[in-house]
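*Asks:* Taken in order, these protein sequences are the chains called A and B.
Using my numbering, read the first sequence as starting at 1 and increasing by one per residue.
Using my numbering, read the second sequence as starting at 1 and increasing by one per residue.
Quick caveat, the hints were computed from the structure, so don't treat them as lab data.
Check before you lean on any hint, since a few could be wrong.
Said to hold, decoys possible - The calculated lysine-lysine pairs, modelled on BS3-like cross-linking and capped at a C-alpha distance of 25 angstroms, are:
1) 108(A) - 3(B)
2) 108(A) - 112(B)
3) 57(B) - 78(B)
Said to hold, decoys possible - Across the chosen pairs, the derived CB separations fall in these ranges:
4) 52(A) - 18(B): 41 to 51 angstroms
5) 59(B) - 5(A): 37 to 47 angstroms
6) 39(A) - 84(B): 25 to 35 angstroms
7) 44(B) - 12(A): 40 to 50 angstroms
8) 108(A) - 104(B): 20 to 30 angstroms
9) 69(A) - 7(B): 19 to 29 angstroms
10) 67(A) - 59(B): 29 to 39 angstroms
11) 81(B) - 69(A): 47 to 57 angstroms
Said to hold, decoys possible - A few chain B residues that don't get close to chain A, going by computed Cβ distances all over 12 angstroms:
12) 3
13) 57
14) 76
15) 115
Note that the coordinates shown come from a computational prediction; the quantities given were computed from them, not determined experimentally.
Ideal Cβ placement from N, Cα and C applies to all residues, glycine included.
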Amino acid sequence: GDSVIQMQGQVTLSENDFLFINCTYSTTGYPTLFWYVQYSGEGPQLLLQVTTANNKGSSRGFEATYDKGTTSFHLQKTSVQEIDSAVYYCAMSDMSNYNVLYFGSGTKLTVEP
Amino acid sequence: GPKVLQIPSHQIIDMGQMVTLNCDPVSNHLYFYWYKQILGQQMEFLVNFYNGKVMEKSKLFKDQFSVERPDGSYFTLKIQPTALEDSAVYFCASSLAGGISNERLFFGHGTKLSVL
Numbered sequence: 001g002d003s004v005i006q007m008q009g010q011v012t013l014s015e016n017d018f019l020f021i022n023c024t025y026s027t028t029g030y031p032t033l034f035w036y037v038q039y040s041g042e043g044p045q046l047l048l049q050v051t052t053a054n055n056k057g058s059s060r061g062f063e064a065t066y067d068k069g070t071t072s073f074h075l076q077k078t079s080v081q082e083i084d085s086a087v088y089y090c091a092m093s094d095m096s097n098y099n100v101l102y103f104g105s106g107t108k109l110t111v112e113p
Numbered sequence: 001g002p003k004v005l006q007i008p009s010h011q012i013i014d015m016g017q018m019v020t021l022n023c024d025p026v027s028n029h030l031y032f033y034w035y036k037q038i039l040g041q042q043m044e045f046l047v048n049f050y051n052g053k054v055m056e057k058s059k060l061f062k063d064q065f066s067v068e069r070p071d072g073s074y075f076t077l078k079i080q081p082t083a084l085e086d087s088a089v090y091f092c093a094s095s096l097a098g099g100i101s102n103e104r105l106f107f108g109h110g111t112k113l114s115v116l
C-alpha cells in the first residue's frame with residue numbers, strides 16, 4: 001500500500017546552516033508530494049508541493065524535489081534561521097483516492113542562535 | 001489566511017463515555033477530513049467527507065466512530081464508546097475540492113483527546 005518513510009526524527013542546526021531532510025515513498029499510483037510544517041501549538045500547514053518528478057517546488061527559501069528512480073524526495077534550505085524551528089512532515093497523495101494524505105513521522109528541526 | 005477552528009483544544013473523558021470533537025472548516029470548502037496523531041507518531045488518515053457522505057475511511061476509523069456535518073454547521077467526529085487507545089490529537093482539515101491529488105488541505109490546531 002501507499003506509505004511514506006521519514007527517518008530523521010530530530011535535527012539540530014545552528015543559524016545559517018544548510019538543511020537537508022529526506023523521505024522515501026511507496027505507491028503504485030502517480031504521487032504528488034508535499035512538505036508540511038507544524039509550529040508549536042498549531043496544526044500542519046502546507047510549505048510546498050512537488051507534482052512532477054525532477055521539478056522543484058520552492059517557498060520561503062525552502063526547496064523540494066523528488067526522484068522517481070529512487071522514490072525519494074527531499075527538503076532543503078541553504079541557510080536556516082531560528083524561526084524555522086518546527087516539525088517538518090513529508091506527505092504524499094495520489095490520484096486514486098480523495099485527497100488522502102500519507103504522512104511521514106516528522107522531523108523536529110531545532111535551530112540554535 | 002483561511003482558518004480551520006477546532007473546539008475544544010483539549011478534552012478529557014472517562015473510558016466508555018461518548019465524545020464529540022467539533023471542527024469549523026474554511027467557509028467555502030467542500031471536503032472535510034479527520035486525521036489522528038498519537039503522541040510521537042505520524043499523523044494518520046481517518047476519514048474524509050463530502051456532500052453529506054463518507055468518501056474514504058481507513059482501518060483506524062472503527063465502528064465506534066462517526067462523522068457528520070448537520071445543516072452546514074460544525075463537522076464533527078463522534079466516538080461512542082471511547083477506548084484508551086483513542087487518546088491522541090485529532091486534526092480536522094478541509095479543502096475546496098477533492099479527488100485532485102494536489103489540492104491543498106488546511107488543518108486546524110488539533111484537539112487533544114485524553115481517555116482515562
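*Asks:* State the violated hints by number, sorted upward, taking the hints as numbered earlier in the document.
*Replies:* 5, 7, 9, 12 and 13
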